[in-house]
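Asker: Chain by chain, the residues run as shown.
There are 2 protein chains.
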Amino acid sequence: MKPYQVIGIGNALVDVIAPASDAFLDQIDVQKGVMQLIDMDRAVALYGQIGPAREVSGGSAANTIAGFAHLSGRCGYIGKVRDDQLGAIFAHDLRAQGADYATIAAPASHPTETGRCIVLVTPDGERTMSTYLGATEFLGPDDIDSDQMAQTDWIYLEGYRFDGAASHEAFAKAIAACKGAGGRVAITLSDPFCVDRHRDAFRALIRADVDLLFANRAELLSLYQTQDFAAALRMAADDVAIVACTDSADGAHILTAGQHFQVPAVPTNVVDATGAGDLFAGAFMWGLVNEAAPDLCGHMGCIAASEVISHIGARPESNLRTLFAEHGVL
Amino acid sequence: MKPYQVIGIGNALVDVIAPASDAFLDQIDVQKGVMQLIDMDRAVALYGQIGPAREVSGGSAANTIAGFAHLSGRCGYIGKVRDDQLGAIFAHDLRAQGADYATIAAPASHPTETGRCIVLVTPDGERTMSTYLGATEFLGPDDIDSDQMAQTDWIYLEGYRFDGAASHEAFAKAIAACKGAGGRVAITLSDPFCVDRHRDAFRALIRADVDLLFANRAELLSLYQTQDFAAALRMAADDVAIVACTDSADGAHILTAGQHFQVPAVPTNVVDATGAGDLFAGAFMWGLVNEAAPDLCGHMGCIAASEVISHIGARPESNLRTLFAEHGVL
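Top to bottom, those sequences are chains B and D.
Okay, so the first sequence: first residue is -8 according to our numbering, each after it adds one.
Okay, so the second sequence: first residue is -8 according to our numbering, each after it adds one.
FYI, nobody ran anything at the bench for these hints, they're computed from the structure.
The C-beta atom is built at its ideal place from N, Cα and C for all residues, glycine as well.
Mixed in with the good hints there might be a few duds.
Some, not all, of what chain D presents toward chain B, calculated at C-beta under 10 angstroms [unchecked claim]:
hint	residue
1	ASP32
2	ALA44
3	ALA57
4	ARG225
5	GLU317
Listing some non-contacts, in silico: residues in chain D with all C-beta distances to chain B over 12 angstroms [what the hints assert, rightly or not]:
hint	residue
6	PRO(-6)
7	PRO43
8	ALA87
9	GLN142
10	ALA222
All chains, full assembly: derive it from the sequences and hints.
Answerer: Here it is as structure tokens:
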């Protein structure tokens, strides 16, 4: 048995969450529901325009790992913060949830700060994100410990981190060490625009090394440049051993070993959609390492996603095991 | 018409809110429901023991002013943060709510950090607070602008700030300037143990200068060193023009001009009791400056308190004016 079941690698961010109207999104000229990258000047200006906010640790893969840790899975996380107050908050929340987190923070003298994601939540529960990457952009191969990578069943790569060249190298180093020791590779496509920015790199990596692909409908359509969802699912299933594709209120599609499972979503009152895909992935992988059937893994993912969108913030607040039991999947 | 209706002076803190069990409170040896002061070493150690948290701007008087600003009252706040990330969060949240906030932050070279309050919320919704004061402890008379104090109808003093000698001087300077220009003085007793630490100073100030006293039952009993609540209310009414004393699920007592109003609490599901008294005071004062009758002011206070305890965090999330209208007090 390896010490770790999953190690996630991604953007270490603190979410700054504020309610906003649709009119405000228009006013600041952002596209609803997507993630845009912003620099520090824009982050400061935008922060000055939004209403009172609250700060909750986020980061896509970090949310996934937090969910996995919440379920008592053995896991770790790699992502870079700066040695500042937000960095301390990020590190605390991950460790307090039970995940290992040892990435060396950029020193206080570093010209960046800990990255943050300004999450504007509209009355319909949709989230629109503006991300200042800051220190997390500087994750490089030196932050990857090959010995640790050899000690995990899975690594989980966040697509967003494809936005940094040094992180491509970091991913390559992690994959080589993990696969060299018999481990497997999961990836999430993160965002349709992120896929658009890095389509070739994603496709090459997916065909070469990925065993488990997480995506949502828009991301998968973008990856395969088609409007035919069924065709995109088939292409993905040809590329990787396991496809887990979420489809908002229509639940999720799990394709593996020639089978195609459609898993219904778990209805809830959507308060803040942030983290739905992240928690789906965390719960799915927890089911997987505990040898649950693929459709049950999908059910677990949908239950966890439903929990996290029922409140503000992208980390679980209710006991997911209890929810799994209530839904009869545990 | 003066530019300000209320200016609050208090501890500028960011709340670090985490769920906790009663057993955990025993384990870390804190008394449930009260506020204890801790130093930075203890704050770091305690933070390392608690679970994943979220950060929301707090500070008792700051919450009161945020509630008053939320209601579109003309208001300001005085309290000291350091020039750091938590300080920026505190300042943003207050200004974004519509309050003036211009206190000069302690420089980044200052040996403290922005103060924070670790709020542990037990399953019953009760909050237990451990406060690292940090920079806020250094609020002194130089932070008080006498001209500004002359331009407000009311100043609102946070009892907690009695824990600092320089702040006594700051309060005295603020009171002199405010009263000298025909303004009035409100104070909140904050906490029974805080009353215990500064009873004589509180009593002297209340008799000499206070026009409006906010307290809860335990604080008022502590102030007058009695177990007879009715007697304590009478003594308070002899000391100040308006007494507004909350009594948890039993609502509030308003005593003024020889009258005694009992205002019922507004039932709700208590998620996090943090800020109940603060928002009561903010809404009460908003009623007062808008010349609502004393019992209506009390109703507004109870409605606002009910809103803030129905969710995590001590700042209003629902539209209080809408709630006032629904309850027929507007």
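Asker: A separate judgement is required for each hint: does it hold in the structure or not?
Answerer: These are the hints, each one checked on the structure:
A cut of 10 angstroms between beta carbons decides the hint on ASP32 of chain D: the least distance to chain B is about 15 angstroms, and the hint is violated. Taking 10 angstroms as the C-beta cut-off, the interface hint given for ALA44 of chain D holds, the closest approach to chain B being about 7 angstroms. Evaluation of the ALA57 of chain D hint against chain B yields a held restraint, the C-beta minimum of about 7 angstroms falling below 10 angstroms. A hinted interface residue such as ARG225 of chain D counts as satisfied when its beta carbon comes closer than 10 angstroms to some beta carbon of chain B; here the least separation is about 39 angstroms, so the hint is violated.
Because the beta carbon of GLU317 of chain D sits about 18 angstroms from the nearest beta carbon in chain B, more than 10 angstroms, this interface hint is broken. PRO(-6) of chain D, annotated as away from the interface, keeps every beta carbon of chain B farther than 12 angstroms; the closest lies near 22 angstroms. The beta carbon of PRO43 of chain D sits about 4 angstroms from the closest Cβ of chain B, which is not more than 12 angstroms, so the claim that it is off the interface is violated. Consistency note on ALA87 of chain D: stated as away from chain B, yet its beta-carbon is not over 12 angstroms from all of that chain's, at 5 angstroms minimum.
For GLN142 of chain D, the non-interface assignment is confirmed: its Cβ lies about 25 angstroms from the closest Cβ of chain B, beyond the 12 angstroms cut-off. Its beta-carbon lying about 41 angstroms from the closest one in chain B, ALA222 of chain D satisfies the requirement of being farther than 12 angstroms from that chain.
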